[in-house]
Amino acid sequence: MLINYIKLTFKVMLRKKYYTALTLVGISLTIMIVTIFASFIDQIISANPPEVNRDKTLIVDKVSVFKNGEQTDAMPSLIFLQKNIKDLESTEAISYFSTKQFISLLNGKAAGHSLNFTDENFWKITDFNFLEGKAFDINEVKKGARVAVINEKTKAYFFNESEALGKTINIYGLSYKVIGVVKSATPFSKVYSDVYVPYTTDANVQLTEKEIEGTYSAMLLAKTIDLKKVRTELKARLKGKSMISGADSVKVHAFTALEQFAKSSSRNDDEPEYGKTAIVVLVVLTLFMLIPAISLVNINITRIGERAEEIGVRKSFGATSGTLVTQLIIENIIITLIGGLIGLGLSVYASQLLVHFINTFDPLFKMPTDSFVISWQVFSFCLFSCLLLGLISGVYPAWKMSRMNVIYALKGGNNV
Amino acid sequence: MNIEKIYRTNTIETTALNNINMNINKGEFVSIMGPSGCGKSTLLNIMGLLDAPTGGTITIDDKSVTSLSRKKLAAFRNLKLGFIFQSYHLINDLSVIDNVELPLLYRSGISGVERRKRALEALEKVGLSARTKHYPNQLSGGQRQRVAIARAIIGNPEILLADEPTGNLDSAMGEEVMNLMLHLNKTDGTTIVMVTHDEQMAKKTQRVIHFFDGQQVS
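First to last, the sequence lines map onto chains A and B.
One point on numbering: in the numbering used here, the residue at position 218 of the first sequence is 218, and numbering is uninterrupted.
Remember, the numbering used here sits 416 above the position in the second sequence when you count from 1.
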């Protein structure tokens, strides 16, 4: 029976070219935007390379300092992190990093680049794909060696297609030797940077970093998926010390990428609220799809209405309302899936256009145009969205038509 | 028995059928005649369980079917009844064979292969086995009506209800379709109730019932 429905769907689609085109444009544009939205969220929260350990990596990028009953939030300083967040038993590795920016001049043209001051553990927690060379090691970090790992976009900018290893790039007036080239992380990731250098070469640490507040973050790779252990240990570590001058107490915020995203819907920005976030995402998605769905409902009512005679015939020969609803919804879902596939394809081009558009706002710092990645999670989400759109836009017209009086239906749906 | 059909609006009440008592025997070929608007098609629709009477009961095989649920009515139509319409009512987006096998889609336990086999048999019976892959708009009126007959008989219904089956056909084609129905009645023992305007066609059936103004007059 399903083959029958599929065959019929294509026949009707080809016969009603105007409605088909209108429907497909509506669906594909909706799914295109949903895909870009999903891809953006996926890059922020999913365990995609190079952040393959995202589900057991906690990021400490905020401290709350309590003093005389007042709370101040800030990024932690390197000194604070090194003093208090180290050698945790529940962690496998801890890395400190700070993302900054620098301007380069090449052939008289200025360009902006992001710069990541970090350590050797950064490369253990992440899983960057090294296209050339290697990462810097503990000795190079300890020595403050001026070595750099650059991403492929930076390599292409400075050295075109030629070998980058051993060549130098100038950062804040100092020469750094390129020792590795990695595949770019997504620009929305915490670990994205154009250039990575040892944090021991950060000349501004003394100037910008205070005892607690600063510009650094820590990445904590837990031994197991049980992150509660790490949090408990962190809490105990801070509670047991009286080293924090001038503050009554200090609280560090340690969250995974997913938790960071989930707490964005939390009013006090304190604890993640998964249920609330999921509801917010679903509501946004439904509201976003509601307008095209309403248009599709109208198109479908007309489209199905023109098939009243067919519905009458099917009913005469024993089709129940339920069978007809199923048939019409399946047909609608097939059309939605076709529109969804077109939308998925369009999203690749649209995302590149979007990046070009975003890049026009900042002449110095450019995002790579292939920033949006369609992972299998994004693909599954799109599939789910297609089904949802197919259901939302198909159920009412199908139900309405299936209830049509058979005599009237046979007369072509007049008087309905 | 005592079939009544009244159409009501806010202001007008129109009686389409008034106190109809009719008995049709198994294997009989009956034609219903009467002028336009006398209620013969309404009666056929009620007999085919496509429309509900305002009053009275319909009994098929000693079983009252008037109060059956929509779902049960659909199943009953599928198993026991076959319809032939004046304007064929074929689905233009489906090929001839797909149109013919349509009633079997709504019958459980019949595989796709079995459906195809039975559709071919039905098309052979109406002499259209060479047109299986054609579409309705590629056929003549007579051929379309024969496809409609094949669709009506594929499920081996006990009763065929034909609403002016030759009304849209020229006399030669009409004759062809009529002969086909006579053959089905004779060889398969199918009960046929036919609504017609054509006296010549009606004469070929075993019994003619005349209608006038919603009432049976003979």
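If you're looking for bench data, these hints aren't it; they were derived computationally from the structure.
Bear in mind the structure is a predicted one, so any value in this text is a computation, not a measurement.
Note that beta-carbon positions come from the ideal geometry of N, C-alpha and C, so glycine has one too.
Warning: the hint list may mix true and false statements.
Computed list of lysine-lysine pairs in DSBU-like fashion (alpha-carbon distance at most 30 angstroms, straight line) [claimed, not checked]:
(1) A:11 to B:602
(2) A:11 to A:400
(3) A:11 to A:124
(4) A:7 to B:533
(5) A:11 to B:533
(6) A:17 to B:549
(7) A:400 to B:496
(8) A:239 to A:190
(9) A:228 to B:487
(10) A:276 to A:86
(11) A:83 to A:17
(12) B:488 to A:400
(13) A:7 to B:487
(14) B:620 to A:56
(15) B:487 to A:411
(16) B:549 to A:16
(17) B:620 to B:442
(18) A:124 to A:109
(19) A:100 to A:143
A partial selection of chain A residues facing chain B, derived with a Cβ cut-off under 7 angstroms [stated by the list, open to error]:
(20) 9
(21) 11
(22) 12
(23) 24
(24) 120
(25) 317
(26) 320
(27) 406
Here is what the structure says about each hint:
1. A:11 to B:602: Violated - the C-alpha atoms of residue 602 (chain B) and residue 11 (chain A) are around 39 angstroms apart, more than 30 angstroms.
2. A:11 to A:400: Since the Cα atoms of residue 11 (chain A) and residue 400 (chain A) sit roughly 22 angstroms apart, the hinted pair holds (cutoff 30 angstroms).
3. A:11 to A:124: violated, 56 angstroms
4. A:7 to B:533: Holds: residue 7 (chain A) and residue 533 (chain B) sit about 19 angstroms apart, inside 30 angstroms.
5. A:11 to B:533: Since the Cα atoms of residue 11 (chain A) and residue 533 (chain B) sit roughly 23 angstroms apart, the hinted pair holds (cutoff 30 angstroms).
6. A:17 to B:549: Holds, at about 23 angstroms.
7. A:400 to B:496: Roughly 27 angstroms separates the two Cα atoms, so the pair holds.
8. A:239 to A:190: Between residue 239 (chain A) and residue 190 (chain A) the Cα gap is close to 28 angstroms, so the pair holds against 30 angstroms.
9. A:228 to B:487: Given pair residue 228 (chain A), residue 487 (chain B) is violated - Cα atoms ~56 angstroms apart, limit 30 angstroms.
10. A:276 to A:86: With a Cα-Cα distance of about 33 angstroms, the restraint between residue 276 (chain A) and residue 86 (chain A) is violated, given a limit of 30 angstroms.
11. A:83 to A:17: Roughly 69 angstroms between the alpha carbons, so the hint for residue 83 (chain A) and residue 17 (chain A) is violated.
12. B:488 to A:400: Given that 30 angstroms is the threshold and the Cα spacing comes to 20 angstroms, the pair holds.
13. A:7 to B:487: Since the Cα atoms of residue 7 (chain A) and residue 487 (chain B) sit roughly 26 angstroms apart, the hinted pair holds (cutoff 30 angstroms).
14. B:620 to A:56: Answer violated: residue 620 (chain B) to residue 56 (chain A) is near 86 angstroms, above 30 angstroms.
15. B:487 to A:411: Holds - the C-alpha atoms of residue 411 (chain A) and residue 487 (chain B) are around 22 angstroms apart, at most 30 angstroms.
16. B:549 to A:16: holds, 21 angstroms
17. B:620 to B:442: Holds - the C-alpha atoms of residue 442 (chain B) and residue 620 (chain B) are around 18 angstroms apart, at most 30 angstroms.
18. A:124 to A:109: violated, 36 angstroms
19. A:100 to A:143: Measuring from Cα to Cα gives roughly 21 angstroms; hence the hint holds.
20. 9: Violated: closest Cβ of chain B sits about 9 angstroms from residue 9 (chain A), beyond 7 angstroms.
21. 11: Hint holds; residue 11 (chain A) Cβ to chain B Cβ min 4 angstroms, cut 7 angstroms.
22. 12: holds, 6 angstroms
23. 24: With Cβ-Cβ at 18 angstroms, over 7 angstroms, it is violated.
24. 120: violated, 64 angstroms
25. 317: Holds: closest Cβ of chain B sits about 4 angstroms from residue 317 (chain A), inside 7 angstroms.
26. 320: Hint on residue 320 (chain A): holds, closest Cβ of chain B at ~5 angstroms, below 7 angstroms.
27. 406: holds, 5 angstroms
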